[in-house]
Amino acid sequence: MSRFPYNAVPDHPPYPWVSLRIKDNYKNLVFGPFQCRVDSGSEATCVPAWIAGDPGVHDYEEDVAYDFAGNPVDISFLVVLDATVEVLDPQGSVVFQKSYIGMRFPVLPDSEGLLGLDVLNDMVSTMDGPGLVFII
Amino acid sequence: MTVKSFSEQASSAAVADENYLAYLREADGLEKTMAGHMVAYADGERIATGKDGRELAKNIPEEYRYRSLFIKTIGSPQIHFRRPSFRRQGQ
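First to last, the protein sequences are chains D and R.
Note that this note's numbering numbers the first sequence so that position 88 is 88, with each residue one more than the last.
Note that this note's numbering numbers the second sequence so that position 25 is 25, with each residue one more than the last.
Hint data in this document are derived by calculation from the structure and do not stem from the laboratory.
We treat Cβ as the ideally placed atom computed from N, Cα and C, and that holds for glycine.
Among these hints, one or two may not hold up.
Reference excerpt, derived from the structure (chain R facing chain D, CB under 10 Å, subset only) [as the list claims (entries may be wrong)]: (1) Asp17; (2) Ala35; (3) Ser76; (4) Gln78; (5) Ile79; (6) Arg82.
Derived BS3-like pairs: lysine-lysine, alpha-carbon spacing no greater than 27 Å straight-line [stated by the list, open to error]: (7) D:Lys27 / R:Lys58; (8) R:Lys58 / D:Lys98; (9) R:Lys32 / D:Lys23; (10) D:Lys98 / D:Lys27; (11) D:Lys98 / R:Lys51; (12) D:Lys98 / D:Lys23; (13) R:Lys32 / D:Lys27; (14) R:Lys32 / D:Lys98; (15) R:Lys32 / R:Lys51; (16) R:Lys32 / R:Lys58.
In isolation and in its complexed conformation, chain D is listed as follows:
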């Protein structure tokens, strides 16, 4: 088991997070590691914009999504045809690893990403709220 202490931000509830790394095995690219908020409300794992901005040879997609109010918004995706997604513990060791084909990661303007259901559903995890720790 690996334990991830919740992240504490002033004026907000503490929240679970992990460190994520995405490998593009087709193009031999590595994205991250970067911090991801654990978010069972997100259908897709999302990446922060800074991770997709460089090196500029990654595959991408543009599409229409819907915002919180139901309004259509344009969104960019980081596309990885042959992906390996890794979760790293606070010491940098890989504690979860899985291969995916044809992944599309929405790109968010935030500094951190989201660990969404497309990856979260492949691991056994526990959110220990009182203990303020996320366990894989």
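Once you have looked at the hints, place chain R on chain D.
Positioned in the frame of chain D, the structure of chain R alone reads:
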């Protein structure tokens, strides 16, 4: 506020992208004949198709492998964001 700001940025990027525009021009036809397939664009032209990511990767010409390609899954499910923002006011 965050989503709207991102939308404005993304719209500008999308409008300027020749590959996205190339896809939009043939999107109706592709949705009728290749639903569920993946397609790749470069230089404003479709360069490869495949029934999934693995087949598409095989079909992309080698000279495009290390270029930034526009990849589209035909008829892919639309994303819905369920929260307004992660950012605090004033940031």
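Consistency of the hints with the structure:
1. Asp17: Asp17 (chain R) check passes; min Cβ-Cβ to chain D is 6 Å, inside 10 Å.
2. Ala35: violated, 15 Å
3. Ser76: Hint holds; Ser76 (chain R) Cβ to chain D Cβ min 7 Å, cut 10 Å.
4. Gln78: holds, 6 Å
5. Ile79: With a closest approach of 4 Å, the Ile79 (chain R) hint holds.
6. Arg82: holds, 5 Å
7. D:Lys27 / R:Lys58: Holds. Lys27 (chain D) to Lys58 (chain R) sits at ~12 Å (cutoff 27 Å).
8. R:Lys58 / D:Lys98: Judged against 27 Å, a Cα distance of about 21 Å means the pair holds.
9. R:Lys32 / D:Lys23: Not OK: Lys32 (chain R) and Lys23 (chain D) at ~33 Å, beyond 27 Å, violated.
10. D:Lys98 / D:Lys27: holds, 17 Å
11. D:Lys98 / R:Lys51: Since the Cα atoms of Lys98 (chain D) and Lys51 (chain R) sit roughly 21 Å apart, the hinted pair holds (cutoff 27 Å).
12. D:Lys98 / D:Lys23: Satisfied, since the Cα-Cα distance of roughly 10 Å is no more than 27 Å.
13. R:Lys32 / D:Lys27: Judged against 27 Å, a Cα distance of about 30 Å means the pair is violated.
14. R:Lys32 / D:Lys98: violated, 33 Å
15. R:Lys32 / R:Lys51: Status holds; Cα separation ~14 Å.
16. R:Lys32 / R:Lys58: holds, 24 Å
In this structure, the earlier hints numbered 2, 9, 13, 14 are contradicted, and the remaining ones agree with it.
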